[in-house]
Amino acid sequence: MAETRLGAALTDAHRIAQVQLSGEAVAASRLLFSTLDPSDVAGTKPEWMVLQMTLMKYYDEKSAGLAESYLSEYRSAELGTSVGPVAGVEDFDAERVARSMDAMGPGKLVQYSGPDVERLGARSAALVSDKAFPRLAGAVRRHVLGGGRRTLAESARRDKRSGGWRRVSDGKPCAFCAMLVTRGPVYFSEETALGMRSYHDDCGCGAEIVYGTWTPTKLEQQFIDAYDDAADSASAGDGIRVAPTASDPRDTVLHRMRRNDAELFSDSVIPKPQPSIVAARTLTEDDGRALGKRVWFDFADNVEPADAQMVRIYTGNSYGAINGALREGDFAYLSPNQRDSIEALDRVIDAAPRVPEKITVSRAVGADVFGLNKDSDLSTVLGVPFRDDAFVSTALQSKLTYLERNEVELRLDVPAGTQGLYVSAHERGDKSLAVFGPEENELILGRGIEYEFDDAFVEDGKRVLVGRILRQNGVTRG
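Residue 194 in this note's numbering sits at position 194 of the sequence shown, and the numbers go up by one each step.
The set of hints was computed from the structure by calculation and includes no laboratory data.
Be aware that one or more of the hints could be misleading.
Simulated pairs of lysine-lysine, DSS-like, Cα-Cα distance not exceeding 27 Å [stated by the list, open to error]:
hint : residue 1 : residue 2
1    : K62       : K218
2    : K45       : K131
3    : K358      : K131
4    : K399      : K462
5    : K172      : K218
6    : K131      : K172
7    : K293      : K399
8    : K57       : K131
9    : K358      : K462
10   : K399      : K358
11   : K57       : K45
12   : K462      : K374
13   : K293      : K172
14   : K62       : K45
15   : K293      : K358
16   : K399      : K374
Using the sequences and the hints given, assemble the complete structure.
Encoded structure:
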């Protein structure tokens, strides 16, 4: 660490300021990321790349400027003079950063969008963007912090008074970063011993020039002890002291560090109690009707007559118009009663009993909703996130008995606690929430469900997609 208390405090304050700066860059990048259209990445990428690279250069300069100011104060604290070489401030590697931005931004959007991207509107482009952006954010942090790291490394190389620069952890580094911290001031340039290029995405480590003797902090000494213990253990065991590869995943020093001193490292191997995986209950039609009556019959009995009438407007002939408006965000063509029906159904579902256990329900949907036609490979939609902003009508049974030629059958696992309303508990009449009474065995799920598929097959001539609900209105389910 620095030889003076002031120098150590300046180093820590500088590292925190750099991390905060990288956070600003990530927030700005999130706004720019919205200009990328997952359904037209090629068309929207050029403008985004210009904007993103302008932002990256701006924040690289700010990061380098922070490092330059810190270096002046740090030298004054450690040496009694602020004079010394400053280098690397303007060495922004635009080509390298552009490759990274392209791969982690547009590249990840293409990867997560799946095939038939022109139909991505039905797959919720927002979810694809939400899934892709964290990968870009990690790269943005690394490159922004790189401005300051580069400045300190190059300045140390040119400063004949220094013993090099050392890595400074963020307090809880990964085992790999901690191992580099234990080496102390052995670095003199970007090319030295895994120097600057060893910082990974989301790494919070910093750098410090060392003047004089390096004395590890208490935490750094713990890293050293953890490394030494793991190395001795590896030597006494299989002798493997290098990082594993895909073809040789043997127990190594880093693996042993993570396991032996789990509390020290962010990527430690910490055994966690595994939650029991509860299989979804499968329902026959009779099972579903019995469950629906048991859970929702009494509730439906007590729904206000005016609200019940509004729910029947939805379950009658208005569900198509209402759901279309909710998905498109255009309510201009809805009648006043249909608009009131949305509010009433939201209100009733919010007050209704929740789905009491994990169950599998089914639903028939036009294949084109998922960009599929009669010749499509069903596996193309596996792992792709979907969101439905409308009410989702399902059959409270795990398989359908009939399907139109242009439809696919969805079998969705619905977690306990999901908001839903069974409308087929009563015979047709004033108490019934369904216009046609118990005819359809219908469970309406509340708006805003997010789901994905993990299996697809053809069964008895029917195309089937099997999936699970992940969230509802942003709340994780299951």
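Quick rundown of the hints versus the structure:
no.: 1; hint: K62 <-> K218; verdict: violated (32 Å)
no.: 2; hint: K45 <-> K131; verdict: holds (18 Å)
no.: 3; hint: K358 <-> K131; verdict: holds (25 Å)
no.: 4; hint: K399 <-> K462; verdict: holds (11 Å)
no.: 5; hint: K172 <-> K218; verdict: holds (13 Å)
no.: 6; hint: K131 <-> K172; verdict: holds (26 Å)
no.: 7; hint: K293 <-> K399; verdict: holds (19 Å)
no.: 8; hint: K57 <-> K131; verdict: holds (25 Å)
no.: 9; hint: K358 <-> K462; verdict: holds (24 Å)
no.: 10; hint: K399 <-> K358; verdict: holds (16 Å)
no.: 11; hint: K57 <-> K45; verdict: holds (18 Å)
no.: 12; hint: K462 <-> K374; verdict: holds (11 Å)
no.: 13; hint: K293 <-> K172; verdict: violated (53 Å)
no.: 14; hint: K62 <-> K45; verdict: holds (25 Å)
no.: 15; hint: K293 <-> K358; verdict: holds (17 Å)
no.: 16; hint: K399 <-> K374; verdict: holds (21 Å)
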